[in-house]
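Protein chains in written order, with our numbering: chain A, 1 to 244; chain B, 1 to 244.
Source of the hints: derived by calculation from the structure; they are not laboratory data.
Quantities reported herein were computed from a predicted structural model and do not represent experimental measurements.
Heads up, the beta-carbon is just placed ideally off N, CA and C, and yes, glycines get one too.
Any given hint might turn out to be false.
[Said to hold, decoys possible] Straight-line distance between alpha carbons at most 20 Å, and here's what the computed SDA-like set of lysine to any residue pairs gives: (1) A:Lys80 to B:His74; (2) A:Lys134 to B:Ser154; (3) A:Lys106 to B:Ile88; (4) A:Lys106 to A:Gly142; (5) B:Lys238 to A:His93; (6) B:Lys238 to A:Arg135; (7) A:Lys106 to B:Gly90; (8) A:Lys106 to B:Ser154; (9) A:Lys202 to A:Asp179.
[Unchecked claim] Okay, the calculated bits of chain A under chain B, using three or more residues with CB under 8 Å as the criterion: (10) 21 to 32; (11) 177 to 191.
Listed below, chain by chain, are the residues.
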Amino acid sequence: MRIETRSLSKIYGNTKAVDDVSLTLSDDVQVLALIGPSGGGKSTFLRLLGGLEIPTSGEVIMDGVKLPLEEGALRAIRRKNGFLFQSFNLFPHLTALENIVLPLVKVYGRSQEEATQRADEVVERFRLTDHVKKRPGQLSGGQQQRIALARAMAHEPSLLLLDEPTSALDPEMKAEVLDLIAELCECGQRIVLSTHEMGFAKRSADYVLFLAEGKCVEEAPSSELFDDPKTEQVSQFLRKVMKW
Amino acid sequence: MKLFLSLTVSILLGSTFCFVFWVVASHDYQWEAIAPYWKNFLNGWTTTLLISAAALVLSIVIGALLTAGQLSPHRIPRWLSRAFVEIIRGTPLLTQILIGYYLIADSIGWDSRFGVGLVILSCFSAAYLAEIFRGGIESIPQSQWLSAKAIGFSEVQTYCYVIIPQAIRRVLPASAGQFANLIKDSSLLFVISVHEFTMQARETNANTYATFEAYLPLILGYFILTFPISLLSRNLEKRFAYEN
């Protein structure tokens, strides 16, 4: 995954959500994890990488191509990616299956049959076949996230972006969603995720970026960052979150 | 305290009902006096039904346009729609009917009482519907917008497939209530001699001096129209509460 950012910044009002972050990832990084304290800029950085937000300054270069700064062109980039957020991803007025089919038809121009067939495949792969006729309100949080993940994967995105995908779930549901993400990692899916699950980041990510107050405090291959953090801030953070 | 309140309410309402019932029941009815006019009543009731139904359709169209105007990113349509809504909601319908018919319609040479009445009634109702619609659209959480954006939907697609379908369910109960108001408000059109239900009762009264006999059918006639809507509105409210 060739991701490069050059002096990337995003400012909301007086808040520097992302502050001058430059990063160059080599080709062999397949899973990138963003960690750090809440409000540190993980979400914003992830959204900038996926083309959901337009940077205030700086640029993102994805596989050698600079992300455009104009909404229409950026939408084309977004359509190549898949997104999953903390919660409330699904459209509550549609069934689980319709949630997956709708974008395939309206965004990717597939026929209704093609789209339904494709949705069935993904749903089966994610072991969700029993739930396709239900509305989001009738599903558990974990099931909702798995359906949302199926929707994000249905068009075979070149990059999957996960924004704290398990933060709103209780432990058991966390596990079922993390299992699924781990499976995707093993299948070679390119993923950028922001997470508070340090164990998961350590095991599944190739490379880790620690963000605090919008700045990149430390970046390193995951084994290196977790086992031998270079800065006091990161080692303190890790000690604190790994304590219990 | 509770007992005192329920006792007071029961006594007040009970005695009011008794008094009204006594007034109505103790009257010496001369139904034969108004009997020759039964066709006028039927025609008036039908006119009320027709003008209300037509105004319902027209007010939904105008209301939707006003809502679009108020949510527009451009200032001018936003201000104009806002001004329209505020002026209509801030002035009495009776005044609007008089000015609309004797000044505005007259100045363009339009003298169809039914037509002018229909347009004024529709504009009046549309201002209220516009507020209901706007509230409905603004009540859809921001996360739905983000989710739709991440999927690659354009703004128009987001409105069509995500926001409006959900907003419609939310505004149905209040809109049904507004329709019941519309039917009752149509009774004011007698001031410009639209031959609707109330107008017919007034004429019958003028011809026969049988006031009770002429006006009592109004209660029944309007109630037959509004009660089913009131039931429907309650039913929708319950269903909506359940879905959440």
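Now for the hints, and whether the structure bears them out:
For the proposed pair A:Lys80 and B:His74, the alpha carbon gap of about 31 Å is over 20 Å, so the pair is violated. The hinted pair formed by A:Lys134 and B:Ser154 fails the criterion: a straight-line CA distance of about 26 Å is larger than 20 Å. Restraint check for A:Lys106 and B:Ile88: not satisfied, since their Cα atoms lie roughly 39 Å apart, outside the 20 Å limit. Distance check on the hinted pair: A:Lys106 and A:Gly142 sit about 26 Å apart at the alpha-carbon level, beyond 20 Å; violated.
Taken as a hint, the B:Lys238 and A:His93 pair is honoured in the structure, with Cα atoms around 17 Å apart against an allowance of 20 Å. This hinted pair checks out: B:Lys238 and A:Arg135 have alpha carbons roughly 18 Å apart, not beyond 20 Å. For the given pair, A:Lys106 sits about 42 Å from B:Gly90 by alpha-carbon distance, which is inconsistent with the 20 Å threshold. Simply put, A:Lys106 and B:Ser154 have alpha-carbon atoms about 10 Å apart, close enough for the 20 Å limit, and the pair holds.
Simply put, A:Lys202 and A:Asp179 have alpha-carbon atoms about 14 Å apart, close enough for the 20 Å limit, and the pair holds. Residue count for the stretch 21 to 32 of chain A with a Cβ under 8 Å from a Cβ of chain B: 0. That is fewer than the three needed, and the coverage hint is violated. By the rule of at least three residues with a Cβ nearer than 8 Å to a Cβ of chain B, the coverage given for the stretch 177 to 191 of chain A is violated, with 0 such residues.
Going through the hint list in order, the structure does not satisfy hints 1, 2, 3, 4, 7, 10, 11.
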